[in-house]
Amino acid sequence: MIVKSPLHDIHEKLGAKFTEFSGFKMPIYYSSIKNEHITVRKKVGLFDVSHMSNIWIFGEDAEKLISLSTIEDASKIKNEMSQYTAILREDGTIIDDIIFMHLNDKYMMIPNAGMSEKITQWLRNIAKENNLAVNVNDVSRDYTILAIQGPESRNTLQKLTDTDLNKIGFFGCSYIEIAGRECIISHTGYTGELGFELQINNKEHPESLFNKIILEGNEYNIIPIGLGARDTLRLEKSFLLAGNEFKGGRTPLEALLNWAINWDHDFIGKESLIKQKEIGNYERLTNLICLENGIPRNGCEVQKDGLKVGIVTSGTLSPCLNKGIAMAYIKPEYRETHNVLDIIIRGKKIKAKVTKPPFVKKDWAILK
Amino acid sequence: MVKEIRDDLKYTDSHEWIKVEEEKVIIGITDHAQSELTDIVFAELPVIGKEIKKGDELCVVESVKSVSEINSPISGKIINVNEKLEDNPEIINKKPYDEGWLVEIKIANIKEINDLLEPEEYKKLIE
Numbered sequence: 003m004i005v006k007s008p009l010h011d012i013h014e015k016l017g018a019k020f021t022e023f024s025g026f027k028m029p030i031y032y033s034s035i036k037n038e039h040i041t042v043r044k045k046v047g048l049f050d051v052s053h054m055s056n057i058w059i060f061g062e063d064a065e066k067l068i069s070l071s072t073i074e075d076a077s078k079i080k081n082e083m084s085q086y087t088a089i090l091r092e093d094g095t096i097i098d099d100i101i102f103m104h105l106n107d108k109y110m111m112i113p114n115a116g117m118s119e120k121i122t123q124w125l126r127n128i129a130k131e132n133n134l135a136v137n138v139n140d141v142s143r144d145y146t147i148l149a150i151q152g153p154e155s156r157n158t159l160q161k162l163t164d165t166d167l168n169k170i171g172f173f174g175c176s177y178i179e180i181a182g183r184e185c186i187i188s189h190t191g192y193t194g195e196l197g198f199e200l201q202i203n204n205k206e207h208p209e210s211l212f213n214k215i216i217l218e219g220n221e222y223n224i225i226p227i228g229l230g231a232r233d234t235l236r237l238e239k240s241f242l243l244a245g246n247e248f249k250g251g252r253t254p255l256e257a258l259l260n261w262a263i264n265w266d267h268d269f270i271g272k273e274s275l276i277k278q279k280e281i282g283n284y285e286r287l288t289n290l291i292c293l294e295n296g297i298p299r300n301g302c303e304v305q306k307d308g309l310k311v312g313i314v315t316s317g318t319l320s321p322c323l324n325k326g327i328a329m330a331y332i333k334p335e336y337r338e339t340h341n342v343l344d345i346i347i348r349g350k351k352i353k354a355k356v357t358k359p360p361f362v363k364k365d366w367a368i369l370k
Numbered sequence: 003m004v005k006e007i008r009d010d011l012k013y014t015d016s017h018e019w020i021k022v023e024e025e026k027v028i029i030g031i032t033d034h035a036q037s038e039l040t041d042i043v044f045a046e047l048p049v050i051g052k053e054i055k056k057g058d059e060l061c062v063v064e065s066v067k068s069v070s071e072i073n074s075p076i077s078g079k080i081i082n083v084n085e086k087l088e089d090n091p092e093i094i095n096k097k098p099y100d101e102g103w104l105v106e107i108k109i110a111n112i113k114e115i116n117d118l119l120e121p122e123e124y125k126k127l128i129e
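Protein sequences, first through last, are from chains S and F. Be aware that the first sequence starts at 3, since it is given in this note's numbering, and climbs by one per residue. Be aware that the second sequence starts at 3, since it is given in this note's numbering, and climbs by one per residue.
Think of the hints as simulated: they come from the structure by calculation, not from any bench. Just so you know, even glycine gets a beta-carbon here, dropped at the ideal spot from N, CA and C. Fair warning: there could be bad hints in the mix.
Computed spacing ranges between beta-carbons, pair by pair [stated by the list, open to error]:
| id | chain 1 | residue 1 | chain 2 | residue 2 | range |
| --- | --- | --- | --- | --- | --- |
| 1 | S | 144 | F | 59 | 53 to 61 Å |
| 2 | S | 216 | F | 53 | 49 to 57 Å |
| 3 | S | 349 | F | 56 | 44 to 52 Å |
| 4 | F | 90 | S | 260 | 39 to 47 Å |
| 5 | F | 53 | S | 349 | 48 to 56 Å |
| 6 | S | 303 | F | 25 | 54 to 62 Å |
| 7 | S | 251 | F | 57 | 47 to 55 Å |
| 8 | F | 25 | S | 221 | 52 to 60 Å |
To be clear about the criterion: a stretch of chain F counts as covered by chain S if any three or more of its residues have a C-beta under 8 Å from a C-beta of chain S, and this derived list gives those stretches [what the hints assert, rightly or not]:
| id | stretch |
| --- | --- |
| 9 | 12-23 |
| 10 | 35-44 |
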């Protein structure tokens with residue numbers, strides 16, 4: 003079954019082209035991917051990301067459950083703060099990467115699109131096995147999620163609320179009233195720009211909120227943004243896409259999420275990660291920027307002197323840099339910065355250089 | 003927006019246009035096709051001199067998110083390619099019927115021309 007967003011009719015009226023993504027019919031673009039991409043970097047854009055999942059976790063042992071099932075120690079995450087982390091299998095491979103928000107006595111977890119049932123079941127099983135007093139409720143279909151991203155995102159949203167948005171720090175989160183509706187706001191995003199994400203219960207009329215934000219953002223040249231630009235924006239910042247970067251079983255060490263691992267607590271998959279670290283010789287996610295014309299895509303082989311040394315998981319033309327960029331899992335001995343490798347695109351070798359993340363630095367639009 | 007269809011061209015159901023001159027054809031993609039693809043960012047063209055059969059892959063046009071193969075509507079020999087597209091593939095979006103042409107082919111079998119769509123037929127197809 004294909005699920006439509008609660009905002010589907012609005013997208014149709016705005017002339018969106020649609021795509022199917024993890025069981026959801028969502029806008030891929032409204033005007034053009036390039037235009038939408040550059041608008042988010044320079045101005046502000048509004049995304050419907052209702053395909054993402056929402057799970058409430060509450061009860062005496064909620065913190066324990068999150069700590070045990072993610073690479074983060076939830077006791078370190080203060081009230082009204084959110085955290086990016088990952089849920090692992092026993093073998094250390096990533097099931098999903100998520101954000102969880104600490105909202106007073108509850109946690110809201112945001113897994114990826116189409117993952118709500120799987121994650122809910124997984125968490126409930128862990129709770130049961132460990133005798134934890136906790137409720138795990140999948141409320142994905144009750145919520146609309148909006149992301150407002152870009153240098154003018156705060157100015158736009160500030161017009162609709164009395165809460166001083168400057169007081170919500172990076173990764174801060176809280177309940178908030180926006181245009182008379184109760185929402186959950188977090189200072190988070192998937193674009194690398196200043197931005198916020200809003201969780202709105204569908205009873206609070208998210209469709210009129212969407213329209214209001216577009217209206218109020220008009221003075222900052224706001225436009226609606228589809229999943230196409232969402233993907234190119236995140237790739238320029240070297241953010242991971244679950245369906246691409248974790249497919250086939252990858253650990254957080256391979257996916258370069260070392261920074262997100264809190265080693266001082268016990269979690270599922272920890273033993274496997276310790277072993278992998280000791281052995282050491284594993285492929286790691288690597289940024290490649292093309293030195294010749296060509297656009298790498300998911301599945302392209304990476305070679306050195308005709309030998310396979312890795313595989314591309316995400317690739318695109320970077321709208322900001324106007325060059326082909328890719329993330330690829332590369333054998334450790336070939337991924338030193340400035341190393342030149344060949345990406346095989348339709349049988350042709352396209353030279354690409356290993357570079358440090360992100361592809362597009364902070365404040366690109368200002369410095370340009 | 004109404005998409006332009008030119009009366010002096012022939013078409014395919016896969017949205018290429020074909021301009022038939024005496025012994026050769028010029029091939030491009032239609033206004034409808036470029037608008038569906040949006041933001042063409044890369045065009046991979048064939049080598050001049052290559053013999054190609056009808057239905058073979060002629061070139062590849064990429065937008066930011068998609069890769070589209072264009073199959074040859076005609077058999078023959080590649081006699082010219084639009085080298086401007088190498089640095090400026092967006093011309094295909096801007097001028098699909100003029101500066102945005104893709105390749106010229108020397109016709110091997112003139113009868114294949116009869117299989118192409120007339121402007122009226124193509125118009126019905128995209129309506």
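We went through each hint and held it up to the structure:
1. Between residue 144(S) and residue 59(F) the C-beta distance comes to about 48 Å, which lies outside the given range of 53 to 61 Å.
2. In this structure the supplied range 49 to 57 Å holds for residue 216(S) paired with residue 53(F), their Cβ-Cβ distance being about 54 Å.
3. Residue 349(S) and residue 56(F) have their C-beta atoms about 22 Å apart, which leaves the hinted 44 to 52 Å range violated.
4. Range check, residue 90(F) to residue 260(S): Cβ separation about 42 Å, and the 39 to 47 Å hint holds.
5. Our hint of 48 to 56 Å for residue 53(F) and residue 349(S) is violated, since their Cβ atoms are close to 18 Å apart.
6. Take residue 303(S) and residue 25(F): their Cβ atoms lie about 41 Å apart, and the range 54 to 62 Å is violated.
7. Distance hint for residue 251(S) and residue 57(F): a CB-CB separation of about 39 Å, inconsistent with the stated range 47 to 55 Å.
8. Range check, residue 25(F) to residue 221(S): Cβ separation about 59 Å, and the 52 to 60 Å hint holds.
9. Only residues whose C-beta sits within less than 8 Å of a C-beta in chain S count toward coverage, and the stretch 12-23 of chain F has 0 of them, not enough to reach three; the restraint is violated.
10. Judged by the Cβ-Cβ criterion of 8 Å, the stretch 35-44 of chain F is covered by chain S as claimed, because 4 of its residues qualify and three suffice.
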